[in-house]
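J.: In the order they appear, the protein sequences are chains A and B. Counting from 1, position 131 in the first sequence corresponds to residue 131 in the numbering used here; the numbering is continuous, with no gaps. Just so we're on the same page, the numbering used here is the position in the second sequence counted from 1, plus 252.
Hints were generated in silico from the structure; no laboratory data involved. The reader is advised that the hints may include incorrect statements.
[Claimed, not checked] Quick list of the computed label-pair ranges, beta carbon to beta carbon:
1) S232(A) <-> A269(B): 40 to 50 Å
2) G49(A) <-> A408(B): 16 to 26 Å
3) D139(A) <-> L463(B): 52 to 62 Å
4) A221(A) <-> L495(B): 43 to 53 Å
5) A172(A) <-> L495(B): 34 to 44 Å
6) A505(B) <-> D73(A): 13 to 23 Å
7) D139(A) <-> P441(B): 28 to 38 Å
8) F325(B) <-> A172(A): 50 to 60 Å
9) V296(B) <-> D139(A): 27 to 37 Å
[Said to hold, decoys possible] Listed next, the stretches of chain B that the computed footprint assigns to chain A, with coverage defined by at least 3 CB atoms under 8 Å from CB atoms of chain A:
10) 355-368
11) 404-417
12) 501-508
[Claimed, not checked] A few chain A residues that don't get close to chain B, going by computed Cβ distances all over 12 Å:
13) D31
14) N60
15) A90
16) R114
17) S137
18) E175
19) I188
Just so you know, even glycine gets a beta-carbon here, dropped at the ideal spot from N, CA and C.
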Amino acid sequence: MTQPPTQVDGKTSLRAENLGRSVAGKVLLADATFSVGASETLAIVGPSGSGKSTLLRLLNRLDEPTRGTVFLDSTDYKQIAPRELRRRVAMVTQHPFLFPGTVESNLQFGPCQRDETLSRERIDELLAAVGLAGYASRDVANLSGGEAQRVSFARTLANSPEILLLDEPTSALDEDSKRGIETLILEIMRRSPVAASTADIASTNRQLTCVLVTHDLAQAARLAQHALVLKSGHIVKNGPIEEVLRAEDSVS
Amino acid sequence: MLKILFHDPLRLGLAQAAAAALAALIVVVLARKRGIHLEKELAVALVRGLVQIIAVGSILLVLLRAPDWTSVFLLTAMIVAAGATSARRAKGMPGAFPVSTWAIACGAGSVIALMTWLGVIDTPITTLVPVGSMLIANAMNTNGLAMNRFRTDVLAHVGEIETALALGADGRSSVASYVQGSFEASLIPAIDSLRSLGIVWIPGLMAGMLLSGSRPLYAAIYQFVVLAMIFAASGLTSLVSTLLIRNRVFSPAEQLLLRPGNGA
Numbered sequence: 001m002t003q004p005p006t007q008v009d010g011k012t013s014l015r016a017e018n019l020g021r022s023v024a025g026k027v028l029l030a031d032a033t034f035s036v037g038a039s040e041t042l043a044i045v046g047p048s049g050s051g052k053s054t055l056l057r058l059l060n061r062l063d064e065p066t067r068g069t070v071f072l073d074s075t076d077y078k079q080i081a082p083r084e085l086r087r088r089v090a091m092v093t094q095h096p097f098l099f100p101g102t103v104e105s106n107l108q109f110g111p112c113q114r115d116e117t118l119s120r121e122r123i124d125e126l127l128a129a130v131g132l133a134g135y136a137s138r139d140v141a142n143l144s145g146g147e148a149q150r151v152s153f154a155r156t157l158a159n160s161p162e163i164l165l166l167d168e169p170t171s172a173l174d175e176d177s178k179r180g181i182e183t184l185i186l187e188i189m190r191r192s193p194v195a196a197s198t199a200d201i202a203s204t205n206r207q208l209t210c211v212l213v214t215h216d217l218a219q220a221a222r223l224a225q226h227a228l229v230l231k232s233g234h235i236v237k238n239g240p241i242e243e244v245l246r247a248e249d250s251v252s
Numbered sequence: 253m254l255k256i257l258f259h260d261p262l263r264l265g266l267a268q269a270a271a272a273a274l275a276a277l278i279v280v281v282l283a284r285k286r287g288i289h290l291e292k293e294l295a296v297a298l299v300r301g302l303v304q305i306i307a308v309g310s311i312l313l314v315l316l317r318a319p320d321w322t323s324v325f326l327l328t329a330m331i332v333a334a335g336a337t338s339a340r341r342a343k344g345m346p347g348a349f350p351v352s353t354w355a356i357a358c359g360a361g362s363v364i365a366l367m368t369w370l371g372v373i374d375t376p377i378t379t380l381v382p383v384g385s386m387l388i389a390n391a392m393n394t395n396g397l398a399m400n401r402f403r404t405d406v407l408a409h410v411g412e413i414e415t416a417l418a419l420g421a422d423g424r425s426s427v428a429s430y431v432q433g434s435f436e437a438s439l440i441p442a443i444d445s446l447r448s449l450g451i452v453w454i455p456g457l458m459a460g461m462l463l464s465g466s467r468p469l470y471a472a473i474y475q476f477v478v479l480a481m482i483f484a485a486s487g488l489t490s491l492v493s494t495l496l497i498r499n500r501v502f503s504p505a506e507q508l509l510l511r512p513g514n515g516a
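The shape of chain A in the complex, shown without the other chains:
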């Protein structure tokens, strides 16, 4: 049984302790130990099949770790109800998977799960923040790939998360849309978060922490302060982004 850290730094929003997952004897991720400070962005890089997405899915417990655990501040995430955990540790995936209906109905999805409803002002704020002002009544079937990904961001932010997990959020987009989404991510992190003007988030005075999975080292350099390199399910490097990328460059 993994022991919780004896002392958790007050600024540490997320800390993985010996986190691992094996399926049918195959190790997908082995003993990952790392932390991400509050309001920091950590990039997880590595080749295909190295365990990046596996690690991300363990962080919001979409998959169950077979070893270790994750601490949010100083709380073992297994002590948090999964639905509440996923609201707090939100995820944006490579494909937006919007639900049929309007943009507004997609934004309302998360709050509806808690019997809450977003106000008109809140919807307008979220859409303005992702550059889609006036899109509330649009049918999602008519959106471009970049617009759909922006709606996906707004839908995730509508849940007022504390930590944002981004799983290759631009890999399915063209170059223009990719740059737009990168700018959006930087905006979200800078404003930390979009919902800062609303009472529910302002009261907690939290800043968004971000974990970004990407295969694009240049993107990692543009968006993150820290990086972690995975190879065959093992962390082979972890540190400040410049240091990690320099080491990666010298290897390649």
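Chain A is fixed; fit chain B onto it per the hints.
T.: Structure of chain B alone, referenced to chain A:
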């Protein structure tokens, strides 16, 4: 033509079975030409079906003399066998066998019990077992359709389901539309049978009753009774199986277990 060639009833029966199997084989050949390979599955099903029905025919000879209460054991055994057969249509689905067996027991079993108590189905073993088996067989088919459709839908929408989970939805609501879709799809054959009764087809039971000298009107009404019972048993089975299976595809921590690569 076969009746001219074969006079012994057993040989005639086998020749008729061979002729019917030949028709099925023609379909296999046609399917093969379109790149669809049914050979192995159909060959096993045909041989197995023939052996089973001959075995059942032989057992029925013995059963005609058995006490009526033995029907309960026979029908129970049929339900378990139906559960096992049905579960094979849901490869990779966690708990497919117990879910199928419970669903068929609840659906077909309760309708058989209620209708027997009401006197709609006669209690002699020679009536209860054949009519009961019809309900169980149809419930099995419906259950197989429901499970198969649910499995296919979930596997085709893993991204949508996990997106809903990631947004804080519970497992039940994230697959609600697939539960409803599989329930509706599984009942299409039963509804179509009722709808086309007497117009498109005259079922075997009614034909048999007419041949054995029953009054046509009573034979027709009883056939409707049987089809209505089949619909009730199938509908209840599908309802129970889709409700049970929806809980089985998630872990206690609301993680989707039925995913490509998880044996599905």
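J.: Regarding V296(B) and D139(A), is the given constraint of 27 to 37 Å on their beta-carbon distance met?
T.: Because 48 Å falls outside the window, the suggested range is violated.
J.: Verify this label for me: I188(A) is non-interface relative to chain B, using a Cβ-Cβ cutoff of 12 Å.
T.: holds, 17 Å
J.: If you check the beta carbons of A505(B) and D73(A), does the distance land in 13 to 23 Å?
T.: holds, 20 Å
J.: Examine each Cβ of chain B, and state whether all of them lie more than 12 Å from the Cβ of N60(A).
T.: N60(A) not clear of chain B: closest Cβ-Cβ about 6 Å, inside 12 Å.
J.: Given the hint of 28 to 38 Å, is the C-beta distance from D139(A) to P441(B) inside that range or not?
T.: This hint holds: roughly 35 Å between Cβ atoms.
J.: Closest CB-CB distance from D31(A) to chain B, is it above 12 Å?
T.: holds, 21 Å
J.: Can the stretch 501-508 of chain B be counted as covered by chain A under the rule of three residues or more with Cβ-Cβ separation shorter than 8 Å?
T.: holds (count 5)
J.: Is it the case that A90(A) keeps its Cβ farther than 12 Å from each residue Cβ in chain B?
T.: violated, 7 Å
J.: Has the stretch 404-417 of chain B got at least three residues whose CB is nearer than 8 Å to a CB belonging to chain A?
T.: holds (count 6)
J.: Holds or violated: the 40 to 50 Å window for the beta-carbon distance between S232(A) and A269(B)?
T.: With Cβ atoms ~58 Å apart, the hint is violated.
J.: Do D139(A) and L463(B) keep their Cβ atoms within the hinted range of 52 to 62 Å?
T.: holds, 59 Å
J.: So is R114(A) really clear of chain B, every C-beta pair being over 12 Å apart?
T.: Violated: least Cβ distance 7 Å, not greater than 12 Å.
Checked against the numbered hints above, the structure violates hints 1, 9, 10, 14, 15 and 16; every other hint is satisfied.
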